[in-house]
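Line order of the protein sequences matches chains A and B. First residue of the first sequence? That's 1 in this note's numbering, and the numbers climb one at a time after it. First residue of the second sequence? That's 1 in this note's numbering, and the numbers climb one at a time after it.
Across the chosen pairs, the derived CB separations fall in these ranges:
#, chain 1, residue 1, chain 2, residue 2, range
1, A, Val26, B, Gln204, 27 to 33 Å
2, B, Ser192, A, Gln7, 20 to 26 Å
3, B, Leu215, A, Asn63, 23 to 29 Å
4, B, Asp245, A, Val26, 49 to 55 Å
In case anyone wonders, no lab produced these hints; they're calculated from the structure. It should be emphasised that the depicted structure is a prediction, and the values quoted were computed from it without experimental measurement. Beta carbons are placed, not taken as given, at the ideal position from N, Cα and C, and that holds for glycine.
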Amino acid sequence: MITVTLQRDKCIGCNYCTEYAPQRFVMSKKDGKAVLLQSRERKGFYTAKAQPDELDGCLRAANACPVKIIKVNS
Amino acid sequence: MSRNIEVMAPAGGFDSLMAAVQGGANSVYFGVEQLNMRARATMNFTLEDIPEVARICKENNMRSYITLNTIVYDHDLSVIKTVVNAAKEAGITAIIAADQAVIAYARSVGMEVHISTQVNVTNIETVKFYALFADTIVLARELSLKQVKKITDTIREEQIKGPSGRLIEIEIFVHGALCMAVSGKCYLSLHSHNASANRGACIQNCRRPYKVIDLEGGNELEIDNEYIMSAQDLCTIDFIDEVLDSGVVVLKIEGRGKGPEYVKTVTQCYREAVDAWLAGTYTREKALQWKDKMEQVFNRGFWSGYYLGQELGAWNDSAGSKAKLRKIYLGKGNRYFSQLGVGEFLIETHSLKVGDTILITGPTTGVIETVVEELHTDQGSVEKAVKGNLCSIKLDSPIRKSDKLYKLVSASE
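Excised from the complex, chain A in its bound form:
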């Protein structure tokens, strides 16, 4: 399993994460920020457990994020 974290309040809604990891990120139509799917929130940080086959996409998303708010631990 891998762990993906999103510090959501700092998201600027650029859409990159959903391009690289569409199975894990979608854009909220409500507030225009990224949503980390199947995640739990704690103090503004959203964390999700994901399958190892998502690692590549999530790493690309983390790398592409212009405000560096995505972290991936494998």
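Using the hints, position chain B against chain A.
Below, chain B alone, put in the same frame as chain A:
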């Protein structure tokens, strides 16, 4: 000549908003949430702050504008509606917009629209087009004042009016950071870091020094000025008469990412300069004094931008600010004894001496700058307070727990 000239200040937070009030601004502009050109900075208000910002502005007779001027994607459309609706409900004066989706929605709910400099309006036909939607248009920063004048003259001659029925008002930037690219057309940050400047995420590649390396021999070329892309800051105070003669009505100050002391000083200088011009007492000597004053706060060195037409670009030779004064954080406000007129502060770092010039900033306090004449701690009257001391300073206006205390020292210290 009787004309209302509006000096517009940036507000990156409540402290800068209060600083704008103290500086005598006629209006302020600010970002809400992420859809503005300073999305990266934490210098933005939240949706919940809008009523309070509107209240402060109304109380101080200032117009208020929300910047909603990034490029817009489909997933942003509902946020735009939320922000515009909240702005309308709170009585915000207008939305500064660039994208047609924002312009169209704001107009559909009867919200006043201003066209952002991001749209690069550079000619009268484009002014006529946007006059269908907007009452104020910010011209591109790359025009000369002659070109600006031609546009304002034509607006009067042809009576080009906005939705409000008033003649279109022309706004230009008069002070602050300039982009090395045509505003809104820079893709450096997007290419290097996926961080689109046009989504407010600019990482400011242009503010860094660069080397030129010859790929065949690997030789590094020496460049006299390493900061080859870092434009100096725009400053128009020494030719504000020419700026106003061009027929502009709104003077905008850049700097939502800058400190409240910058906002207060720069706003005050431009307000005084405009008032002097209106009263017929504006002189170059006075202008130099204002310029001196503005050199004390954040700046990258000044040039006249493209307005005078003859210069192609003035580049910076160092990183960061050239301000003559530097602020050192000392500690925070504790309480105010109103009967004594004394503010108490906790010194958390460095030290404070009698004779030091201090700066106090905060979300309600705005900006206070003064010289310490007396200093008291639990030891009684002292010459110096150090880390850990609670010290009292005589102050005419109240301070609060949310205030920060700095001392101002020469930048070379």
